[in-house]
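Q: Take the given structure of chain A and dock chain B to it, following the hints.
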Amino acid sequence: MRSKKILAVLFGTAGALLSVHISQAQQLLGLVVERNENGVEEPLPGANIVWLGTSTATTTGENGVFMINRVAGADRLVISFVGYRSDTLTVTDQKNVKVTLVSNQVLEEVTIEGSRSSTRMDVTNPINTSVMTEKELFKAACCNLSESFETNPSVDVAFTDAITGTRQIQMLGLSGPNTLISIENMPGVRGLAASQGIQFIPGTWINSIQVTKGTGSVINGYESIAGQINVELKKPQESEKLYLNGYVNQSARSELNLNYTVHTGEKWATTFLLHGSTRPLEMDENDDSFLDFPTGSQINFINRWVYNSGTGWLGQVGVKVLSDTKQGGQLDFNPEEDKFTTNRYGFEINTKRYELWGKLGYQFKEKPYQSVGLQLSALTHDHESYYGFNVHDADEKSFYSNLIYQSIIGNTSHKFKTGVSFLYDTFDERLYIENGINVAGTLTNSASFDRTELVPGAFVEYSYDDLQKFSLIAGVRVDQHNLFGTIFTPRLHVKYNVTPTTSLRASAGKGTRVANVISENTGVLASSRSFVFSNLTSDKGYGFTPDEAWNYGLSLSQDFTLDYRSGSVQVDYFFTDFKNQVVLDLDNTAREARFFGLNGKSFSHSLQVQVDYELIRRFDVRLAYRWLKVETDFTEGMLARPLIPQGRAFVNLAYETKSAWKFDYTVQWIGQQRLPDTSQNTAENQRSEWSDEYMLMNAQITKDFGDKWSVYLGVENIGDFKLKNPIVAAGDPFGAQFDTSMVWGPIFGRMAYAGFRFRLK
Amino acid sequence: MKTNLITLFIMMLFASVSYAQSPATASTKVVTANLKVYGNCGMCKSRIEKALDTKGVKQAKWNPTTKNLEVVYVPGKITERKIQELVSAVGHDTDSTKASDAVYAKLPFCCLYRDHDHSGMDDNKKHD
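These protein sequences, in sequence, are chains A and B. Quick note on numbering: the first sequence equals residues 1 to 761 in my numbering. Quick note on numbering: the second sequence equals residues 1 to 128 in my numbering.
So that you can see chain A by itself, here it is in the shape it has in the complex (with noise of 0.2 Å):
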């Protein structure tokens, strides 16, 4: 046995010995390459190759490598390329050889200095940030940032009814709004995009996302409540040139992306986004004669511009355009003939928005670590919809501006950032209800919600680093706004190396928000639920002083490698605790939806446990686990907060095969949700007090050809499982019982869905 292998051993190397020698015999290897201004060698695709006096002829690859055949008794090379002069060699016994062509123009000497880093933040380290990487994305193909978090643990999407489709996220058991959604460090889903906003970013845009627990940093704002998100949309410098992407699914939602960047010049590049979907028909799969989801269709396109001067200065300027419809209900709803009648139910939502924004930075010569940037942005967002009888439209301006100087004390141990920003917010929201709205013993059945808020601010963070265990980040700002008075926001991070490999992390700080308390909770517009607002805190706004929340955060990241392959395990704890707050009260009766200002306690308790590991080669495993406990001081006492899965588990399976085929599948566990009491319904329109646990699966292959294509195939929630009747009365969409806004769990059943990607570098 073990003579065989000796034997097979020898056999292979004379074999590989004799097949080097032949060919070295018969062929030249060779490169050419150019120098640059630089003095670096380039390679010179495409230079001729000739064995003078001979038909016996080659060019040089992509590479500047050539390889030509040896003619007996030609020893003369020559090598030549258009614009530089021609080389002639003499070949005897080389076996390979190397030709540097010059240029017979003379070049002026240009000097470029080394290239500078983008001014893109530094993840900074003592905050518990996760990055998800276009890797991760890709788990699941479809489609916008709302369905991008299937794999991350931290943050859960949920319905916000059963008839519009709208998603929002949640992120430690708090809805939406309370996490701040930045898009590049700039305010991004805030205001009245808190209703639609996360739908209107589509996957394939996307380069990267960074998932932040607890409060952020102070130089985005004073918002982050529960989290932040950013997104980093793809860049210029980075992006492939041509990058397009399609999706169809079985219900016929389909989707297009095209991306595509060009350099002009040397100092300025350009990057197009362009999205286009659509949802062409009608679905009713539960037969409660509702839309499981609203037929529309969306417009979205950013052109950005990036300019580097090469000395510093770094620029960038960039333009969204958004148009987006969506129209569902009852099956058939025509809003010529239907819509503010008895017809039929049915509801719109149109949107249409248009951002502008800029960035500008300078890095100091030689002081890599100090820098000044200004970030701008202006938008306007105008927000159509009614829901049966009931009207909301709003439109909102909004300016921001902020300015950030970094720099050391000392040494590049002692950072710091500081700046001053400010805000100006116009809205102009008016609101009618069919059932009326009740605000602090007033009746009526409109109102309007208009004001404007004028936020100038500054602040300062300071870091810490010693290099090796011990980091900590310390921020404060203080914001004057015009409605609400000073808002002061103190914020700490700290992180501990214990080991190399394990590290521990505390957070504390205060987070302040101004709810939009509308757009917020489009969920119960679509209701007979009349409005009530009580327990009023301030004249201004919705009459409501803004949300304020201390949150406390502690996490351990333990990094392993067993078998050579590598993992980690997260155990994180975060406690929120508000000190002011607009709650939304579903269960004083079923036939209001009261929002009131906190009088008692709220507030969120998360645990969270995450394994990853390297199973097999290739074989990646996660699994996690997320238990809550959200609470509110209702006008009936102590309850769970309405609609929160009290836990949440789920394995993310990746495997990918050395020749590019790639198996994704999900399995989560959703646990136990409160529903809001409907105890005064009659009892086919009663709901349980609990709803019950369920799973969901999905799975997805995806292939790549080449580095071009990519074709995948998914299947979503594998197991069929669907609301029976998501929603409340839907025999009776316009008696005092209707309520769509129940929603526990998916409303459509399986779901198999097709596309494509393809790229051009």
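Hints in this document: simulated from the structure, not taken from any laboratory. As the structure is a computational prediction, the values presented were derived from the model and not from experiment. Just so it is clear, CB atoms sit at the ideal spot from N, CA and C, and this is done for glycine as well. Treat the hints with care, since some could be wrong.
Subject to a maximum C-alpha distance of 25 Å in a straight line, what follows is the list of computed SDA-like cross-link-like pairs (lysine to any residue) [claimed, not checked]:
(1) Lys-61/B / Phe-560/A
(2) Lys-106/B / Leu-44/A
(3) Lys-58/B / Val-569/A
(4) Lys-98/B / Asp-117/B
(5) Lys-50/B / Thr-561/A
(6) Lys-658/A / Gly-56/B
Footprint (simulated), chain A over chain B, 3 or more residues, beta carbon under 8 Å [to be verified]:
(7) 53–61
(8) 96–110
A: Frame of chain A, contents of chain B only:
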């Protein structure tokens, strides 16, 4: 139902960890070898390491500066010679095997280690 699921989850967690550990105890038989492999840049690194994504090799790490390949393998399943051959088959010379010119000629410019030493180059940049 709920407790069942939690139990199931914990069992899976446990199973995966214990499964992961069992080969670790068996892997006392593994050998770590340090081999010279010629190459230049990050592109070379991923090519070399990918070539060793094969049965019998537990881990392969190549350093562009030192040209050292640290490879952990199971002697019963693969030989050092075979490892060197696998590396040469994708274009990289070792101290005892040589890549064929035909394969070498197809390497990207930054990896043409016989013609220049690019180990200090920024590998992320495309050479166009």
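Q: Against each hint, give a clear statement of whether it holds in the structure.
A: Hints and how they fare:
1. Lys-61/B / Phe-560/A: holds, 17 Å
2. Lys-106/B / Leu-44/A: holds, 14 Å
3. Lys-58/B / Val-569/A: Distance of about 22 Å is within 25 Å: holds.
4. Lys-98/B / Asp-117/B: holds, 17 Å
5. Lys-50/B / Thr-561/A: holds, 20 Å
6. Lys-658/A / Gly-56/B: holds, 15 Å
7. 53–61: Answer holds; 3 residues pass the 8 Å Cβ test.
8. 96–110: holds (count 11)
Of the hints listed earlier, there is not a single one the structure fails to meet.
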